[in-house]
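Chemist: So the chains spell out like this:
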Amino acid sequence: MSYFRDVGALARKDLLLELRARDTLPAMLLFVAATFVIFHFALPGAPSRLETSGLLWIAILFTALLGLGRAFVPEREQRTMDGLVLAPCDRSTIWLAKSLATLAFLAAAEVVALPLYALFFHSIDGTTVAAVLLADVGICGVGAFLGAMAVATRARDLLLPLLFLPLAMPIVVGAVGATVGPPVVSSPGRYLGFLALYDLLFAVICWASFEYVVAE
Amino acid sequence: MGRTSRIPLPALAVSSLVLVTTALAFVFFVAPNDANQGFSQRIFYFHVSIAFAAYACFIGGAWKAFRHLTKRDPRADLESYVLIHQGLIFGTLVLLTGSIWAKISWGVWWTWSEDELVLFLVLYLFYCAYFMLRFSLDPGPQRANLSAVYALFGVVLIPVSFLAIRLAKEFLHPRVFTLHGPSFGGWILVTYCVAQAAMLVLAYTLYRLELSGKRLDLRLRRLREVLV
Amino acid sequence: MLTARRLGKRYGEKRVLRRIDFALPRGGFLVVTGPNGAGKTTLLRICAGLAQPTEGRIERDATRAEVGYLGHEPLVYRELTALENLELYGRLYRVPERRERIGMLLERFGLWEARHERVASYSRGMTQRLALCRVLLHEPELLVLDEPYSALDEAGAELLDAQLAELRAERTVLLATHDPARIEPLASGALALAG
Numbered sequence: 001m002s003y004f005r006d007v008g009a010l011a012r013k014d015l016l017l018e019l020r021a022r023d024t025l026p027a028m029l030l031f032v033a034a035t036f037v038i039f040h041f042a043l044p045g046a047p048s049r050l051e052t053s054g055l056l057w058i059a060i061l062f063t064a065l066l067g068l069g070r071a072f073v074p075e076r077e078q079r080t081m082d083g084l085v086l087a088p089c090d091r092s093t094i095w096l097a098k099s100l101a102t103l104a105f106l107a108a109a110e111v112v113a114l115p116l117y118a119l120f121f122h123s124i125d126g127t128t129v130a131a132v133l134l135a136d137v138g139i140c141g142v143g144a145f146l147g148a149m150a151v152a153t154r155a156r157d158l159l160l161p162l163l164f165l166p167l168a169m170p171i172v173v174g175a176v177g178a179t180v181g182p183p184v185v186s187s188p189g190r191y192l193g194f195l196a197l198y199d200l201l202f203a204v205i206c207w208a209s210f211e212y213v214v215a216e
Numbered sequence: 001m002g003r004t005s006r007i008p009l010p011a012l013a014v015s016s017l018v019l020v021t022t023a024l025a026f027v028f029f030v031a032p033n034d035a036n037q038g039f040s041q042r043i044f045y046f047h048v049s050i051a052f053a054a055y056a057c058f059i060g061g062a063w064k065a066f067r068h069l070t071k072r073d074p075r076a077d078l079e080s081y082v083l084i085h086q087g088l089i090f091g092t093l094v095l096l097t098g099s100i101w102a103k104i105s106w107g108v109w110w111t112w113s114e115d116e117l118v119l120f121l122v123l124y125l126f127y128c129a130y131f132m133l134r135f136s137l138d139p140g141p142q143r144a145n146l147s148a149v150y151a152l153f154g155v156v157l158i159p160v161s162f163l164a165i166r167l168a169k170e171f172l173h174p175r176v177f178t179l180h181g182p183s184f185g186g187w188i189l190v191t192y193c194v195a196q197a198a199m200l201v202l203a204y205t206l207y208r209l210e211l212s213g214k215r216l217d218l219r220l221r222r223l224r225e226v227l228v
Numbered sequence: 001m002l003t004a005r006r007l008g009k010r011y012g013e014k015r016v017l018r019r020i021d022f023a024l025p026r027g028g029f030l031v032v033t034g035p036n037g038a039g040k041t042t043l044l045r046i047c048a049g050l051a052q053p054t055e056g057r058i059e060r061d062a063t064r065a066e067v068g069y070l071g072h073e074p075l076v077y078r079e080l081t082a083l084e085n086l087e088l089y090g091r092l093y094r095v096p097e098r099r100e101r102i103g104m105l106l107e108r109f110g111l112w113e114a115r116h117e118r119v120a121s122y123s124r125g126m127t128q129r130l131a132l133c134r135v136l137l138h139e140p141e142l143l144v145l146d147e148p149y150s151a152l153d154e155a156g157a158e159l160l161d162a163q164l165a166e167l168r169a170e171r172t173v174l175l176a177t178h179d180p181a182r183i184e185p186l187a188s189g190a191l192a193l194a195g
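Residue numbers (our numbering), protein chains in the order written: chain W, 1 to 216; chain H, 1 to 228; chain F, 1 to 195.
No lab work stands behind these hints, which were simulated from the structure alone.
For glycine and all other residues, C-beta sits at the position ideal for the given N, C-alpha and C.
One should not assume that every hint holds.
Said to hold, decoys possible - The calculated label-pair distances, taken between Cβ atoms and stated as ranges, are:
# : chain 1 : residue 1 : chain 2 : residue 2 : range
1 : F       : 99        : W       : 19        : 44 to 54 Å
2 : W       : 107       : H       : 215       : 42 to 52 Å
3 : F       : 100       : W       : 19        : 20 to 30 Å
4 : W       : 154       : F       : 26        : 52 to 62 Å
5 : W       : 129       : H       : 219       : 36 to 46 Å
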């Protein structure tokens with residue numbers, strides 16, 4: 001139980017920091033809206049539902065990357081990671097709290113992005129919303145983990161997309177499969193199941209190995 | 001420093017030379033011509049055996065990474081890195097031979113319909129990022145840890161990506177080519193096994209060679225430090 | 001409390017520490033001195049548990065919760081207030097009667113008036129005082145202090161003198177400084193690192 005109290009304290013800190021600085025969430029919102037506009041001009045003719053569902057996922061993935069790139073910036077700029085590592089709590093709480101905070105920002109951006117997508121392109125069904133939720137968990141879990149790795153390097157922000165995109169390929173498959181739905185895909189549930197499997201698998205790995213990312 | 005029970009490097013080099021020569025002889029002179037594609041289909045033997053050697057390197061690299069994280073084996077970090085380096089070299093060859101094979105079979109230099117090839121492209125990008133990560137960190141425990149953790153992500157990514165690529169076929173509708181390696185049996189199987197053994201021994205030899213070079217370099221630098 | 005045997009540390013090819021031996025008994029006060037680049041900070045980071053030695057051994061008879069570490073960085077968030085920072089650490093360290101303890105420390109270090117201001121608006125000296133509050137918050141058994149006097153004005157330094165004198169009786173202290181004269185009377189031992 002104290003594990004989740006620590007996670008709560010750390011995530012609260014991240015939300016508080018965002019509330020003070022107010023830079024990540026507005027940036028994500030603007031970015032996703034601008035991306036939709038670019039998509040409109042990048043797609044000649046009237047794009048089909050199939051094509052735009054792929055675009056939705058590109059937009060979500062890159063918006064998430066924008067937020068994830070900022071995730072460990074307070075720890076990096078103010079070098080507070082040592083303070084968190086020294087604290088007697090389990091180190092994986094740092095990863096889980098950061099994942100949850102990023103998840104909150106991404107979900108908030110999507111609350112605006114999904115209706116906007118429906119307005120600009122095609123309507124959205126319940127399966128897509130379920131896919132968004134499941135994919136968000138995977139994106140933020142793995143992304144926050146890799147974000148912690150990237151800030152430790154010299155290349156920093158440059159490295160995160162390179163580390164993340166190959167690992168995000170399965171998420172895109174599961175999410176797009178669930179979004180396109182019948183008749184192209186016979187059972188979208190299979191794709192949701194795949195996303196859940198991905199989330200579970202990588203959550204366990206991240207949880208078990210985060211200690212080695214922040215401590216010698 | 002090295003383990004004494006290991007096979008000496010010259011013996012390894014000789015055996016890999018013999019095996020690779022034998023494999024070449026089998027591929028060009030023993031294996032029968034393919035009914036559909038004729039002589040040039042023989043690149044299949046190299047493509048598949050190199051791919052498995054690359055997988056072996058990636059899995060070996062992850063195993064060494066696991067040893068580093070759990071046992072704090074001081075040699076494991078370098079061993080993991082060298083194995084993944086070899087895996088990446090073999091991976092480049094997989095993409096090259098795969099591209100040639102696609103040209104022979106379908107007249108195009110790239111095809112998305114071959115699962116193995118697509119998987120290798122994803123893995124290739126993943127392990128290139130591994131190198132970016134490693135070269136962006138100073139030598140030390142942190143570099144060893146981060147590299148090891150990322151290498152472990154790699155072996156999880158292999159089956160997950162494979163599953164994803166299989167799933168994606170349903171909605172990506174690639175042109176379907178009903179072509180695969182020759183049906184196994186007789187000389188085809190023997191040739192494949194010889195080629196596979198040759199590639200695995202070659203990979204191991206190159207691994208040991210690079211490792212001993214790197215270790216020598218390290219010892220030399222320490223020696224110089226002591227002298228200074 | 002702390003025992004180092006033939007301790008060594010290298011980062012890749014660079015050797016930072018070599019063959020360090022010392023024993024710091026419970027209740028002891030060890031002063032580490034040496035010129036810049038002698039490895040004081042690295043040694044203290046190893047003693048605090050932030051780094052692992054590459055050679056030799058370190059034995060620490062204290063859990064993570066019982067160590068208080070003051071480094072070059074204050075380890076506080078600049079966009080949070082002093083109170084919010086200490087609240088965060090108080091929760092993570094499960095400090096009993098957190099509010100009272102935080103209030104008492106802020107009062108003692110002269111930060112009570114500024115407790116609702118963001119740390120970004122603090123002067124360097126005030127930030128260092130806040131860092132000291134953070135270190136003392138969970139009443140650590142072992143204090144590892146790296147140049148604690150840096151950035152403190154005379155009033156702040158005297159405050160720290162008094163605090164250290166009080167702690168001297170019941171806690172174990174490892175302190176790195178380039179000005180050993182100041183804490184000479186408190187020290188029970190000294191370790192000089194060669195450059």
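Chemist: In ascending order, which of the hints set out earlier in this document are inconsistent with the structure?
Modeler: Hint check: 1, 4 and 5 fail, others pass.
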